[in-house]
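Enquirer: Each chain is listed here by its residues.
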Amino acid sequence: MIWGLPVALVITASAASLLIGGGDVGPLAALRHLTGIASDEHTALIVGSLRLPRTLAALVVGGGLGLAGALLQAVTRNPLAETGLLGVNAGAALFVVAGISFWRLESGPAFLALAFAGALAASALVLAIAGMRAGVSPLRLVLAGAALSATFRGATAWLLSRDSAGYDRYRFWVLGSLSGITVKDVLRVAPFVAIAMATAVLLVRPMSALSLGDDVAAGLGHRPGRVRIAAAGAVTLLTGAAVALAGPIAFLGLLAPYLARGLAGARMGAVLWLSTVGGGVVLILADIGTRLVARPYEAPVSILLAVVGGPVLVWLVRTNRTLTLGGPA
Amino acid sequence: MRPPDALVLRAGRLSLALPKRGTLVAIGIAVLLAAAIVASVAVGNGRTVGWRAVEALFGGENPFARRTVHTYRLPRALAGAVAGAALGLAGCLTQTLARNRLATPDLAGVNDGATVGVLVTVLGSTTATIGAWWAGPLGAIAAAALVVLIAGGMGPTGYRVLVVGLALSVTIDAVTELVLARQPIDVARGVWGWTIGSLNARGYDVAVPVGLGLAVLVPLALLASRRLNVLRYGDETATGLGVHPGRWRLYALTIAVLLAGLAVGVGGPIAFTAMAAPVLAARLAGNIRVPVLASALTGALLVVCADTLGRAFGPVEVPVGVLAGLLGGPFLLWVLLSGKD
Amino acid sequence: MQLLVEGLSAAHGPRRVLSEVDLTASPGTVTAIVGPNGCGKSTLLRCAARLHRPDAGRVTLGGTDIRRRTPRALARDLALLPQQPTAPEAITVRGLVAHGRHPHQGLFRQWSREDEDAAREALEAAGVADLADRRLDRLSGGQRQRCWLAMILAQATPVVLLDEPTSALDLGHQVEVLSLIRRIAAGRNATVVMVVHDLSAAARYADRLVAMADGRVLADGVPRAVLTGELVKRLYGIEADVLSAPGDGASVIVPRQDPGTDTSSTVNKPTR
Chain A
1 MIWGLPVALV ITASAASLLI GGGDVGPLAA LRHLTGIASD EHTALIVGSL RLPRTLAALV
61 VGGGLGLAGA LLQAVTRNPL AETGLLGVNA GAALFVVAGI SFWRLESGPA FLALAFAGAL
121 AASALVLAIA GMRAGVSPLR LVLAGAALSA TFRGATAWLL SRDSAGYDRY RFWVLGSLSG
181 ITVKDVLRVA PFVAIAMATA VLLVRPMSAL SLGDDVAAGL GHRPGRVRIA AAGAVTLLTG
241 AAVALAGPIA FLGLLAPYLA RGLAGARMGA VLWLSTVGGG VVLILADIGT RLVARPYEAP
301 VSILLAVVGG PVLVWLVRTN RTLTLGGPA
Chain B
330 MRPPDALVLR AGRLSLALPK RGTLVAIGIA VLLAAAIVAS VAVGNGRTVG WRAVEALFGG
390 ENPFARRTVH TYRLPRALAG AVAGAALGLA GCLTQTLARN RLATPDLAGV NDGATVGVLV
450 TVLGSTTATI GAWWAGPLGA IAAAALVVLI AGGMGPTGYR VLVVGLALSV TIDAVTELVL
510 ARQPIDVARG VWGWTIGSLN ARGYDVAVPV GLGLAVLVPL ALLASRRLNV LRYGDETATG
570 LGVHPGRWRL YALTIAVLLA GLAVGVGGPI AFTAMAAPVL AARLAGNIRV PVLASALTGA
630 LLVVCADTLG RAFGPVEVPV GVLAGLLGGP FLLWVLLSGK D
Chain C
671 MQLLVEGLSA AHGPRRVLSE VDLTASPGTV TAIVGPNGCG KSTLLRCAAR LHRPDAGRVT
731 LGGTDIRRRT PRALARDLAL LPQQPTAPEA ITVRGLVAHG RHPHQGLFRQ WSREDEDAAR
791 EALEAAGVAD LADRRLDRLS GGQRQRCWLA MILAQATPVV LLDEPTSALD LGHQVEVLSL
851 IRRIAAGRNA TVVMVVHDLS AAARYADRLV AMADGRVLAD GVPRAVLTGE LVKRLYGIEA
911 DVLSAPGDGA SVIVPRQDPG TDTSSTVNKP TR
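Chains as they are written, first to last, in my numbering: chain A, 1 to 329; chain B, 330 to 670; chain C, 671 to 942.
What the hints contain is simulated information worked out from the structure, not anything from laboratory work.
Since the model is a prediction, treat every value here as computed from it, not as a measurement.
One thing to keep in mind: the hints can contain errors.
Unchecked claim - Far from chain B, some chain A residues (derived; all Cβ distances over 12 angstroms):
| # | residue |
| --- | --- |
| 1 | T35 |
| 2 | D40 |
| 3 | T43 |
| 4 | I46 |
| 5 | S49 |
| 6 | T76 |
| 7 | A98 |
| 8 | L105 |
| 9 | T156 |
| 10 | R171 |
| 11 | S179 |
| 12 | G221 |
| 13 | G225 |
| 14 | A230 |
| 15 | G233 |
As the list claims (entries may be wrong) - Chain C is faced by these chain B residues, among others (derived, beta-carbon under 8 angstroms):
| # | residue |
| --- | --- |
| 16 | S344 |
| 17 | L345 |
| 18 | A346 |
| 19 | G388 |
| 20 | V545 |
| 21 | Y562 |
| 22 | G563 |
| 23 | E565 |
| 24 | T566 |
| 25 | G571 |
| 26 | H573 |
The beta-carbon is built from N, C-alpha and C at its ideal position, and this holds for glycine as well.
Given the sequences, and given the hints that come with them, work out the whole structure.
Expert: Here it is as structure tokens:
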């Protein structure tokens, strides 16, 4: 149930994403192309180089953010933690804005590289500071992340307040979008996502031990500090890849773990898996929505996520099945 | 037996237990705050700086210097102080009620609601300028009320409200960003500049209403502080000690939202103060009690210092929100890391 | 002050956990509620402390419904020790016990002489006076539990509810804590109701035993009269012998080996 059904959902959503919207090719024509019955160059172009990259990107970004959110909420024992907490989004934004205002960069690949570098640098700094002198406790991680995020946001605001043209570009980047991503872009970040997901798989057992408290985990032979660092590292890679590809999409990393916990309760492996799949499916659906609601224009994906996901989160919280984390940090 | 760190005063049937360290720390921060306000008055453009300004503040002869100090600098510093105090106290209340250091009033939708309020006045006006100061507070309080209404109850440790608030603010935020992206650049920049938080050209017109609000709300918060101390033991023990957790959480949240909403009317949503001030105050005043007063004073000190520094270097002033984050972050880290545990 | 539970029914969501439970607890006695996990004993205690809203029935204290009282007024008459109480970080024993006086305090009555005396007596009675300035989180489990009991004692209520007060303690500390609980009942003429897991401990330290299963009371009375092998079987589904302790005559429960699942019997089975 928990393992098979989500895979079916992913396949269905991906297929829908290839068939619907984004260019003037109808579902039927796209279906004929995909099944190899009949095809023409135009359809091949639309499906292959427009819809396929978006679908892949939505899967990577959504899955990554979902997994990152679940990992982070578990490791900080804080149901208010979202993926930007470790400074990842703030660092990415700072680097992108610095690129805009110092070197007048505009191209997609440059933004991608800058955002990823910023995300990694910021998160590395957060972890280094949180782990300084004493072990990485949830509270230190949370506070260090929030403090450095505030610093980076301050620096970003400072750069933008001096640069009107820079702000003009920034306000579009910050909306986040999946359009214009190429398969090459996705492949560039794919290795990092793969590493992070492998780490997450290895972390399932130590993290479920950690959810019982540091002492219990230590008693079971795990090292709480190292588990937290590894999980935070995976979160960084996942969120960094996501923000590099699609800009800062904040909400998904919060929504997906709540969905997963609502379905799976407190089982760590199931929560991580469902959160990953849930993130991917939700983002694909939101992306299909962006192509449909304001045709022929596109609505930003963050809006759709928020407008659809907001009520879902409210419902989850109101039905009260979601607060199964340990004590608050 | 005495409670820890308490000075017990008794007269007949009346008795008071004053926290020794907490009171000393509060007095210390208040002195620092006064010094920071004087320093803030002494910093600025033109010739009325340094000692000349301080002289004018305490009744100097030079009429021009007096005018500069008493019509611009002092009102601005006081506006910053009341905004900071309101934010610090609001943060202290929300962090205590949720027992979570990440819980700040903006999680109840305060900042995003305020931004919508301001955005509406800007879009509604023909001159594309920020309208009346109360647009922000009105939006903030409306958003928070909506959050509580949708949540339909505080939930365990207030999480229901906070998560619903988070969901609602992300939704509002996304819509706001979309609206901004579709607006002419000067309108968008104007609203965005407001969201950073700035005390530029703020004076008694905003400081007085917020100050009056503080005069009512701070005593109300202090009245609740003994209950807040007990709430830290969790719902079961608190109930056992006669403190109705849901009721007092809602009380604390209401005060916090009103405070944060008012503060937004002064300088926009000044970043980070609500989160950092209570953490710093707890470090200074100790963990025995909830540092209600110390959080307010620390918040005021943070904002006044950030605003002063923003004007200290060069003719172009750096908005207070920028510096509050830029300097408050490392400062919080330093305090955090220098602690023993 | 008498604690009276009449026809109490309660549910967790759709699941019924208490069905028309009656209970009377009198001053100077310790009442122990026993039963298997999930039998509703904790919910019963939570209803009596107003932590859980019952669907039907009522709980009265000295003749008045507890729902008719303000939380503070109730807290002056009824104290509760939760199963796993949490304390703020870095709190000292002194701070913990001082908070026990909270329901007796007000804006201009923050630390009266009565507060002072009650807190001191509580520290001494619980034997934690020498720990007063230690941090609670640095104490051992047994010491910590006595500190929590000191807080409950400082509250100085005629009724005390305890949810598994000895669950994580070793034998020595268990005896220490249970003796302390007995002294609360005897010395202060308090009405003590506790949920306990250990049947033998309940039999030895309680004046009355209330056995529950599936949200109903199966037996209620003096431990020696109530506690039989048949009751143990109905409660837990196991065969057990109820013996009389050689020392003080209290009932002791000794589970019998279940022949079906016992592996040692197959290994050591004597050949015939």
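Enquirer: Which of the stated hints cannot be reconciled with the structure, identified by number in ascending sequence?
Expert: 6, 9, 10, 19 and 20
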